[in-house]
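The task is simple: from the sequences and hints, build the whole structure.
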Amino acid sequence: MRYLPLTDTDRGEMLQSIGASSIDDLFVDVPEVARLDGPIRDLPMHASEMAVEKHMRGLSKQNLAAADAAFFLGAGAYRHHVPASVDTIIQRGEFLTAYTPYQPEIAQGTLQMLFEFQTQVARLYGCAVANASMYDGSTACWEAVAMAGRVTKRNKAVLSGALHPHYTEVVKTMAKFTGDEIASSSPTVQAEPDNAGLIARIDDDTSCVVVQYPDILGRLPDLAEIAEAAHSKGALLIAVNTEPVALGAIQSPGELGADIVVGEGQAIGVGLQFGGPYLGLFAVRDKKHVRQMPGRLCGETIDADGRRGFVLTLSTREQHIRREKATSNICTNSGLCALAFSVHMTLLGEKGLRQLAAENHRLACLAADKLAAIPGVTVLNTSFFNEFTILLDGDARQIVRDLAQDDILAGVSLARLYPGVEGFSRGLLVAVTETTSEEDIETLCSALKEKLS
Amino acid sequence: MNAPNKSGWKPTMPAGTDGKFGGPATTTGNKALMLEEALIFEIGTTETTGVDLPDVDDSAPSRLGKFARTDEIGLPGLSEPQTVRHYTRLSRQNYGIDLGFFPLGSCTMKHNPRLNEKVARMPGFADVHPLQPVDTVRGALGVINELAQWLIKLTGMHGVAMSPKAGAHGELCGILCIRAALEARGNAREVVLVPESAHGTNPATAAFAGYRVENIPATEGGRVDLEALKARLGPDVAAVMITNPNTCGLFEPDMRAISDAVHEAGGFVYCDGANFNAIVGRVRPGDLGVDAMHINLHKTFSTPHGGGGPGSGPVVLSEALSPFGPLPYTARTADGVVHLVEEESAEEFAKEHFGGPLQHFGRMTAFHGQMGMYTRALTYMLSHGADGLKQVAEDAVLNANYILRAMEDVLHAPYADSGPCMHEALFGDAGFEGGLSTLDLAKGLIDEGFHPMTVYFPLVVHGAMLVEPTETESKAAIDQFITAFRSVAERAKAGDESLKAAPYYAPRSRLDETMAARKPHLGFIDPE
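Protein chains in written order, with this note's numbering: chain U, 1 to 453; chain A, 454 to 981.
Hint data in this document are derived by calculation from the structure and do not stem from the laboratory.
Just so you know, these numbers come straight off a predicted model, no measurement behind them.
Just so it is clear, CB atoms sit at the ideal spot from N, CA and C, and this is done for glycine as well.
Check the hints yourself; a few may be wrong.
[As the list claims (entries may be wrong)] Below, computed lysine-lysine pairings styled on DSS-like, alpha-carbon distance capped at 30 Å: (1) A:Lys519 / U:Lys287; (2) A:Lys519 / U:Lys54; (3) A:Lys571 / U:Lys54; (4) A:Lys972 / U:Lys287; (5) U:Lys233 / A:Lys519.
[Stated by the list, open to error] Some but not every residue of chain A turned toward chain U, in silico, with C-beta under 7 Å: (6) Val509; (7) Ser512; (8) Leu517; (9) Gly530; (10) Pro534; (11) Leu543; (12) Gly592; (13) Ala621; (14) Val736; (15) Ser836; (16) Leu851; (17) Pro956; (18) Pro960; (19) Asp965; (20) Pro973; (21) Gly976.
Rendered as structure tokens:
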């Protein structure tokens with residue numbers, strides 16, 4: 001077996017040196033009822049590298065890869081070009097095969113990277129402090145709601161209807177068990193987000209208002225207005241961003257007044273990967289809230305010789321110290337995805353991020369104009385970044401399925417996101433990034449034209 | 454134990470004065486291949502970029518309304534060569550399994566096969582969106598189903614919730630299943646019993662789910678005290694959380710009796726599966742009466758730790774708990790088919806296969822879970838097969854016992870007399886002189902070129918050192934470790950003062966963690 005270095009001779013010598021007659025001697029504590037007489041049945045035996053690769057390639061080929069299609073899906077996961085050097089760096093064994101940096105003297109590579117990552121995220125979000133990552137955007141969103149409860153000592157969260165429905169589900173699921181009250185609704189399918197309706201739901205018991213920016217329909221809600229309303233009632237504003245590239249073109253949630261900013265970092269460096277692993281981003285605008293944050297934090301310090309170095313810090317918030325009183329039970333986070341994000345962000349830099357955002361927006365505007373010109377297609381949004389909602393004269397979900405047969409992945413239908421919700425059957429979310437060619441846009445437009453005629 | 458290995462090869466180290474490297478200070482602070490590296494904020498600029506994109510056209514049409522960004526973000530960029538060098542230099546300040554022996558107890562730092570990486574990058578897995586029409590992702594669903602079947606068969610359980618993102622998330626999933634099942638019976642109960650030796654995530658998880666945490670008493674032999682546990686069980690106890698093999702590296706011989714007693718009292722048994730590597734392919738937790746157990750794919754099934762994740766923590770479930778698992782969800786039904794269930798199909802599935810109303814407790818994450826980890830783990834399982842996985846457990850346990858017996862005359866091994874250990878060997882700091890501590894010993898091992906073991910965990914042993922060699926080490930590597938470990942342990946017992954300033958040869962000497970916590974400096978601040 002290629003991953004096992006011990007030879008039978010080694011095994012024999014080792015058993016002898018510990019005074020055991022056979023390997024079974026080492027499993028004497030296993031109760032009789034649970035002892036097996038050989039390898040577990042109904043499972044295959046070991047296989048060569050070549051055979052396994054072939055099997056997995058077979059499964060891989062049953063999927064339509066985005067690169068082989070005209071591709072327009074978003075809704076919380078975005079396809080961007082990831083520079084080749086990102087993957088080269090994250091495959092360096094010193095990063096790939098390291099553990100959480102518990103021994104900082106021999107983990108400065110990971111720790112310095114995390115310190116840089118935290119700074120990049122904080123600046124992107126317009127915040128004071130970011131942590132070293134969460135599992136993904138949806139779990140970061142719940143952790144933010146839980147944190148707002150600790151900060152305000154209130155337990156009612158008001159969720160914007162235009163928050164990603166999976167994020168809403170995660171928050172509602174967790175809240176069932178913590179006793180938090182969650183006020184949520186479906187989005188209103190109209191050109192502008194319903195800020196007034198959201199603000200009207202904030203009251204003196206509200207711990208936080210959760211608003212996605214850009215929202216699930218691609219619209220840009222006025223965070224400043226919501227922040228003011230929330231703060232006047234003593235509630236926090238949690239801004240959720242699922243497309244970090246947007247923040248190269250639009251103002252950051254922090255500068256618009258969000259108190260906690262969370263999001264999905266997948267779009268930068270990580271790739272689609274059928275939904276995971278992704279990268280939860282978590283930041284606070286005011287550093288006075290740092291001690292209520294969940295997850296790991298990396299901080300700067302010096303070593304015994306006075307040289308700058310980095311360590312995991314403020315761990316008295318965490319489960320391995322505080323146990324049942326911890327701010328979160330999170331342990332392993334998304335370290336390697338954070339590295340991918342940080343490397344990609346370093347390659348972009350301010351200049352590249354702004355160019356990338358501008359190119360996304362240019363192509364999205366182009367696509368929106370071309371789609372709007374098709375009879376039977378209406379563009380819903382007045383504002384958007386790289387994703388917008390269109391309404392079709394037809395069943396959007398069925399049309400998506402039909403176009404997929406011609407290798408056109410036309411977008412995410414609202415009916416897929418909100419199964420069974422009345423009035424959503426015509427809606428289609430269309431995302432456009434720098435990986436979308438003008439030819440792809442033409443392909444989508446002519447297919448829709450044909451379908452709707 | 455004197456010769457590091459059969460060939461008699463020994464490392465040669467140039468001995469400077471007092472055991473330190475000699476030589477003059479350098480102007481850069483570098484020491485040949487040991488290179489200092491500045492922060493990107495000190496070497497990058499907002500004008501530099503490592504990508505080629507069109508220039509921004511300020512006159513282009515915009516749909517950003519009043520939200521267009523005008524201020525500077527403050528993100529430094531580097532060109533590609535600078536970027537590659539920056540991160541390559543940083544990587545060299547890290548210890549990883551690829552560099553050497555990494556016996557971090559409870560973390561199962563085994564070799565990460567490179568075929569796994571290759572497979573995960575196949576376009577059909579890496580470049581697929583989670584919300585594509587299902588007909589375009591049949592292979593991806595096939596991976597989830599196939600992996601689910603492996604997990605169910607390896608554990609002898611009934612169903613599996615695939616979506617949890619890591620071990621702690623899986624624990625939460627398991628406890629929430631238990632809570633949901635108890636609520637369906639009309640009473641969620643109040644207490645979760647957790648041994649003192651448990652991972653910190655266990656009590657944190659139970660508390661999150663709204664339970665009061667109470668300790669399970671242990672015997673002197675480091676096992677759960679069955680009689681004391683039985684005496685504590687009652688109608689208020691929702692669940693018992695047990696790690697098996699436990700964090701002292703010992704198998705719980707009364708596991709079946711514990712499960713029976715808990716079930717009789719109307720509670721559920723949660724098993725922390727962090728230590729599954731010791732028994733994979735050899736013992737099925739389902740045969741021991743476990744109701745829920747998370748599996749760290751990033752431990753037992755070789756997906757890389759990546760410096761702290763991503764992990765993946767599927768939870769296998771008993772028949773009683775399966776209907777309560779979160780969405781999306783897979784379960785094997787009587788006809789042997791494994792189903793994937795999402796929001797839309799959940800109701801139909803519940804009626805058809807569980808013969809009852811919708812009972813899932815909700816959703817723990819967006820999308821379907823850690824696909825990139827599923828492909829790696831499945832690749833690993835197929836490589837080993839049922840026979841290879843059994844050998845994995847046996848070699849992991851053999852290696853740990855070999856270390857235990859090679860060290861017990863030098864280091865205090867609190868449970869060595871109670872029989873063999875499983876996949877990890879536990880030692881304490883009894884007998885250290887001169888105020889030397891477990892931490893000093895660990896730092897001494899760094900100088901010897903090893904990653905230290907887990908220290909100060911479990912809490913039940915003073916100055917605990919938990920050594921988990923895994924099965925992917927050669928006998929020669931283990932022998933070399935034993936030689937070094939014995940020598941550093943002897944120094945600790947002799948009160949060798951020089952250990953207090955170790956490590957001497959790492960990129961940094963000991964870091965001031967108190968200062969870091971007292972004046973938190975959590976991001977780069979531009980100089981005025």
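Hint check: is the beta carbon of proline 973 of chain A less than 7 Å from a beta carbon of chain U?
-> Hint holds; proline 973 of chain A Cβ to chain U Cβ min 5 Å, cut 7 Å.
Hint check: 7 Å Cβ-Cβ cutoff, alanine 621 of chain A to chain U | At 5 Å from the nearest chain U Cβ, alanine 621 of chain A passes the 7 Å test, so the hint holds.
Status of the hint placing valine 736 of chain A at chain U (closest C-beta pair under 7 Å) = Holds: closest Cβ of chain U sits about 5 Å from valine 736 of chain A, inside 7 Å.
Tell me if valine 509 of chain A is really an interface residue toward chain U, meaning its C-beta lies closer than 7 Å to one of theirs.
-> holds, 4 Å
Satisfaction of hint between lysine 519 of chain A and lysine 233 of chain U, Cα-Cα up to 30 Å | holds, 26 Å
Satisfaction of the leucine 517 of chain A interface hint, Cβ to chain U closer than 7 Å | Holds. Min distance 6 Å.
Given the hint that lysine 972 of chain A pairs with lysine 287 of chain U, test it: the Cα-Cα distance must not exceed 30 Å.
-> With Cα atoms ~12 Å apart, lysine 972 of chain A and lysine 287 of chain U stay inside 30 Å; holds.
Supplied contact hint for proline 534 of chain A, tested at 7 Å Cβ to chain U = Not OK, violated: proline 534 of chain A not within 7 Å of chain U, min 9 Å.
Taking 7 Å as the limit, does the beta-carbon of glycine 976 of chain A come near enough to a beta-carbon in chain U?
-> holds, 4 Å
Close enough to count: is the Cβ of proline 956 of chain A nearer than 7 Å to one in chain U?
-> holds, 5 Å
Quick one, is the glycine 530 of chain A hint okay against chain U at 7 Å, beta carbons?
-> Check passed: Cβ of glycine 530 of chain A comes within 1 Å of chain U, closer than 7 Å.
Interface hint for leucine 851 of chain A, Cβ within 7 Å of any Cβ on chain U = Holds. Min distance 6 Å.
In summary, the structure is inconsistent with hints 2, 7, 10 from the numbered list given earlier, while agreeing with the others.
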